[in-house]
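J.: When you get a sec, could you build the whole thing from the sequences and use the hints?
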Amino acid sequence: MAVTATHTEVSRHDKKKTSKLKKPIAAPFILIVPAIILYAIFFIWPAAIGLYYSFTNYKGLPKYKMVGLENFVELFQDQAFWSALLRTFEYIICSVPLNVCLSLLAAVLVTNRRAIGSSIAKVLFFLPWLVSPIITGLIWRWMFGEGFGIVNSVIESLGGQPLHWATNANLSFLVLVLAGVWAGMAFNMLLFITALKNVPESLYEAASLDGANAWQKFRAITLPGIAPTTFMVVLLGTINGIKEFAMVQALNEGGPGKSNRLVVQYIYETGFSNSRIGYASAASMVLLVILVIVSLIQMWFNKRNEGK
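Each residue of the sequence shown is one higher than the one before, counting from 1 in the UniProt record's numbering.
In short, the hints are calculated from the structure, not lab data. Heads up, some of the hints might be wrong.
The list that follows gives simulated cross-link-like pairs (lysine to aspartate or glutamate, EDC-like), each with its CA atoms no further than 20 Å apart [as the list claims (entries may be wrong)]:
{"no.": "1", "residue 1": "LYS258", "residue 2": "GLU90"}
{"no.": "2", "residue 1": "LYS243", "residue 2": "GLU253"}
{"no.": "3", "residue 1": "LYS258", "residue 2": "GLU146"}
T.: Pasting the structure below:
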């Protein structure tokens with residue numbers, strides 16, 4: 001009888017243990033279910049619809065038909081698409097390095113022990129991040145307006161000739177790059193501030209004992225120490241540059257003409273202005289593949305550098 005009672009108690013103890021082990025597994029799953037549902041509704045389902053429409057001639061009307069790969073064949077032969085894609089990569093090549101350098105410079109300045117008013121500087125640097133992309137575009141459009149812009153007013157007051165910021169393709173592109181850097185610098189600065197604070201202070205002290213100057217410390221200690229953050233900033237900047245739309249639309253609408261039209265603007269105009277939703281969906285799928293390839297390449301370079 002004693003053995004049976006002991007066996008029963010052990011069985012109950014095992015059941016309690018099993019139930020305790022099951023609870024931590026079930027609870028996190030229940031918590032992530034809403035996130036999974038939202039992700040499926042707002043990301044997976046639209047992507048699936050876009051992929052389906054990319055094989056059709058859908059124009060927003062109930063009647064449409066499957067066209068197979070015709071949209072993709074036409075897209076790869078469309079000079080306007082390649083022109084928009086090329087301008088997008090030019091925008092990334094110009095804006096991302098400049099954004100990284102200025103963000104890092106701002107982070108170094110506000111984290112310097114000798115800096116005065118660093119708290120106020122952080123707030124001022126962060127203000128552009130609080131402004132929506134559309135408002136950013138309007139602000140810079142007002143600043144660089146040819147007939148009413150404050151920049152041309154300053155140039156004229158100094159005795160110079162006003163510049164054609166809106167009608168010259170290269171000048172308009174320059175304004176676009178500067179506006180993009182100004183808008184994205186704040187968030188990247190915060191990432192760099194966190195990374196700089198995580199670099200061990202002992203390394204700088206050891207370097208000082210060895211007689212290293214400020215530049216040598218920055219090159220040999222700071223840059224390697226913040227390399228993962230730098231990679232993340234470059235990756236996010238590249239992806240955001242490829243997806244840039246609202247700011248460009250508000251700033252110059254891809255002008256003058258179509259000279260500064262980026263790829264997302266091309267997709268928007270094709271799908272909504274020209275009512276070729278199937279064709280625009282095909283362009284979106286190509287853009288998705290490009291984003292994945294760019295991300296994989298950058299991750300491969302990052303892993304390669306970490307392995308050295």
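J.: Work down the list of hints and note, for each, if the structure agrees.
T.: Evaluated hints:
| no. | hint | result |
| --- | --- | --- |
| 1 | LYS258 with GLU90 | holds (15 Å) |
| 2 | LYS243 with GLU253 | holds (15 Å) |
| 3 | LYS258 with GLU146 | holds (19 Å) |
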